[in-house]
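Chains as they are written, first to last, in the working numbering: chain A, 1 to 334; chain B, 1 to 335.
Check the hints yourself; a few may be wrong.
Claimed, not checked - BS3-like cross-link-like pairs, simulated, lysine-lysine; straight-line CA separation at most 25 Å: (1) Lys305/B - Lys284/B; (2) Lys243/A - Lys151/B; (3) Lys6/A - Lys151/B.
Stated by the list, open to error - Label-pair restraints from in silico Cβ distances: (4) Ala21/A - Pro125/B: 49 to 57 Å; (5) Ile17/A - Ser185/B: 44 to 52 Å; (6) Gly159/B - Arg250/A: 50 to 58 Å; (7) Pro277/B - Ile324/A: 51 to 59 Å; (8) Ile172/A - Lys129/B: 44 to 52 Å; (9) Phe127/A - Met127/B: 24 to 32 Å; (10) Pro62/B - Arg327/A: 29 to 37 Å.
Honestly, the hints are just simulated from the structure, not real lab data.
Each residue gets a CB set at the ideal place from its N, CA and C atoms; glycine is no exception.
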Amino acid sequence: MKGYRKYFGKKIIWLIITFIAAVLLNFILPRLLPGDPVAVITARTAQGVSEASAVKQIYEDYASKFGINKPMHVQFFSYCKNALKGDFGLSFSQYPRPVSDIIHDAIWWTICLQFPAIVIGWFIGNFLGVLAAYIRKGFDKILMPIFLFFSSIPAFGMAIILLVIFGIHFKIAPTSGGYGFDLIPSFSFKFIGSVISHYHLPFWSIVLISIGAQAVGMRSMSIYELNADYVKYSRFMGICDRKIVGYVFRNAMLPQITGLALSVGTMVGGALVSEIVFSYPGLGTVIYQAVTMSDYPLLSATTLIITIMVLIVSFGIDIIYAFIDPRIKAAQFD
Amino acid sequence: MTTPMLEVKGLSTKYVTRFKENVYAVDNVSLSLEEGQSLGIAGESGCGKSTLALSLMGYYFPPLHYMKGDIIVDGKNISGLAPDEVRRSILGNEIAYIPQSAMNALNPTQKIINFIEDVIHAHNPDMSKMEIYQLAAERFETLGLSADVLKMHSVELSGGMKQRTVIAVSTILSPKVLIADEPSSALDVTSQKMVIKMFRELMDKGFIKSMIFITHELPLLYNVTDRIMVMYAGRIVESGTAEEMVFDPVHPYSKGLMNSIIVPESGVRDNKLTAIPGTPPNLKKPPSGCRFAARCRLATDECRKSEPKVQHFGSNRNYRCRLTEAQLREEHSND
Ligand SMILES: Nc1ncnc2c1ncn2[C@@H]1O[C@H](COP(=O)(O)OP(=O)(O)OP(=O)(O)O)[C@@H](O)[C@H]1O
Ligand SMILES: [Mg+2]
Chain A
1 MKGYRKYFGK
11 KIIWLIITFI
21 AAVLLNFILP
31 RLLPGDPVAV
41 ITARTAQGVS
51 EASAVKQIYE
61 DYASKFGINK
71 PMHVQFFSYC
81 KNALKGDFGL
91 SFSQYPRPVS
101 DIIHDAIWWT
111 ICLQFPAIVI
121 GWFIGNFLGV
131 LAAYIRKGFD
141 KILMPIFLFF
151 SSIPAFGMAI
161 ILLVIFGIHF
171 KIAPTSGGYG
181 FDLIPSFSFK
191 FIGSVISHYH
201 LPFWSIVLIS
211 IGAQAVGMRS
221 MSIYELNADY
231 VKYSRFMGIC
241 DRKIVGYVFR
251 NAMLPQITGL
261 ALSVGTMVGG
271 ALVSEIVFSY
281 PGLGTVIYQA
291 VTMSDYPLLS
301 ATTLIITIMV
311 LIVSFGIDII
321 YAFIDPRIKA
331 AQFD
Chain B
1 MTTPMLEVKG
11 LSTKYVTRFK
21 ENVYAVDNVS
31 LSLEEGQSLG
41 IAGESGCGKS
51 TLALSLMGYY
61 FPPLHYMKGD
71 IIVDGKNISG
81 LAPDEVRRSI
91 LGNEIAYIPQ
101 SAMNALNPTQ
111 KIINFIEDVI
121 HAHNPDMSKM
131 EIYQLAAERF
141 ETLGLSADVL
151 KMHSVELSGG
161 MKQRTVIAVS
171 TILSPKVLIA
181 DEPSSALDVT
191 SQKMVIKMFR
201 ELMDKGFIKS
211 MIFITHELPL
221 LYNVTDRIMV
231 MYAGRIVESG
241 TAEEMVFDPV
251 HPYSKGLMNS
261 IIVPESGVRD
271 NKLTAIPGTP
281 PNLKKPPSGC
291 RFAARCRLAT
301 DECRKSEPKV
311 QHFGSNRNYR
321 CRLTEAQLRE
331 EHSND
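Isolated chain A, as found in the complex (with noise of 0.2 Å):
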C-alpha cells in the first residue's frame, strides 16, 4: 500500500497544480480578448436613447453588475468565491440568462454525447489494432490505411465528411441540431426518436477519429507485445492463441490507457468543434457562441467547466492504471 500512496500523493499534488494553473487562466484569457462586451450591450439596451450621459449611466449600471470596473484581483477573488458556489455570473450575449443556467442546459447533451462515443471508439480502436497486429496479411494491409486516415483527418473534417455524404447526399440523418427544431423538449417518444436520429452523426464522427487513432497504436504496441518473450513461452507451454492474445491485450493496452489520460484534452477538444459543425446543444456550440460574441463569464465558465472535467477524467484514468498495471506498485517500492 505504501507504494501506492506514494504514486497517488504525487498524482495529486500534480492535480491540484494544474487545477489552479487551470482556473487563473480560464479566469485571465477571455479578459485579454479585444472589444467592450458591455459597450456592445449598452449600445443594444441604449437603441434610441440619444443623450450621451444617459448612454455613459448605463453603461456605468452594467459595468457595476458585472463587476468590471473593480481591479482585477478583486474581480479574481469574488470569481473563485461564486464559481464555489455554482454562481458564473450572468451571460453577456444572453443577458440577463445566469451562465450556470446555460451550461446546466449543455453540459449533459456533451457528456452524453461524448463519454460514450470516446470510450466506446477507444474500446473498438484498440480491439481492431490488436486483431491487425495478429492476423497480419490482407485484413492488417486493408484496416491499416484506413485507421491511418482516420487518425490523420482533424475531427471537424470528419464531422464534414459525414455531415456531406449521410446528412446532403443520401439524406439519411439531419444535419444540425440535437432535436428536431420544432420540438419541445419532453420524454414523448418522438422527441426521444429525434434526439437518436440527430444523435449519430456527431457520435460516429468522433467515434471514426478515436477509432482511428487508438488502432495505429495499439497495432505498433501490439506488434511489439506479440514478439515478446512471455508470448513465445506461453505458446510453447501450450496455451491456445486466443488466450494469448488476451495477454498481448491487455499489456498493449496498458499504454494505450496512460495514452487516453494524456490525449482525453485532446480528444474532447476535437469533440467540441464536431459540435459546433453539427450546431449540437452541447457546451461546443456554447463556446463557439461566447467566443464570437465576446460573451467572457460564459467563455470561462465552459472552459473551466470543461478543464475540470478533463482533469478529472484523466487523474481516475491514472488510478485505474496504477490498479491495472502491477509494475507501477513494484516501481515505487524501488
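Dock chain B with the ligands against chain A, hints included.
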C-alpha cells in the same frame, strides 16, 4: 530395452528470414534420451543450440521451419501431428521448455498462479482453481519456493527467483522431457547452484522423467548431466558420457571448447586458456565439407571437400571427423 522418453532421428530445421534467405541452424540431428537420463548440449554462441531446443518440441512457427526428421516422444511420433494437436497434447504436458531468456518469460501483468491455471487448463480443462492452487502450492514448497510466490507478479521477484519460478511452472504437469535452454547462464554462482540443485530434485522426485540441458559452458554439464553432445554450426560433432566428454574429448572442436573455458568447475582439471581461433561459419551458406575445417588446426584439403562421416568407438561415443580416434589422440598429445 525400454522405450526412450525422447528419440530424434535426422532432424533438420531452418529459419527463413524476411529476405527469404535460409539459415540452416539445425542439420540432421539425432539423439536418444532414456528415462531418468539427462543430456547436455554444449557449443559456442550461434551454433544453433536454442534453435535445436525449439526444434525438438515439434511445433514450428515462422521464421522457424521444419525440414525433415522424426521426433518420437515416449514411443509416439509427433512429427506427423497437426501443429495445433502438438500444442494441445504435447507442449507443456509431455515436453516442457525453459527459454533462454527465462527472466522475461513471465507475463509482467499476470499473477504466477493465473498463468499456472492457464497452463493447466490448456491440457486439463476440468481441473478446478482450488485443485490447481493446491497442486501448485505443494509443488512450489517441495521445490523450496514459498507458496506466496504464486500470488505475486513476476516483477516482484528477483532474477534468481524468477528463474526458479519459471522452472517450477514449466514442470508443473510433470512432463516426460524437460528442455532447459541456458537456465543458469544469467545467474550468479549461488543462484546457479540453487538452480542446479532444483533440477536434481525434479528428477529425483519424478517431476520430470528426462532432461536436456543446454549451455555454452561445457564443464558445468559435468555435474548435471549423464551424457553430453557438442554442437557446432548446426551439427552434433561429438557425443559421449559427461565424464568422457569433459576429460577426454577427441573432436578438435570439443577439445578446443574444453580448453577455452575461463573458470573451470571444481573437479574439472585446470586448463590452459586457449580460445578457438576464428568464428563459426555463416549458416546461410554453410561451407561444404567439414563445417569446422576453416578453424581446425588439423584440416586438410580433403576435409574442406568431403563431408566427414560419423565414427564410433568405446561403448557409445560418436564423433564427426575424417581422422581416426588414434590419429586424433596422437595430435592432441602433441600439444
Ligand atoms: N529468428 C531468426 N531468424 C533468422 N536466423 C536466426 C534466427 N534466430 C537465430 N538465427 C540464426 O540461427 C543460428 C543459431 O542461433 P541460435 O539462437 O540457435 O544459437 P545459440 O547456439 O542458441 O546461441 P547462444 O549461445 O548465443 O544462445 C545463428 O546463426 C542465428 O544467427
Ligand atoms: Mg541460445
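Does the structure break any of the earlier hints, and which numbers would those be?
Failing hint: just 6.
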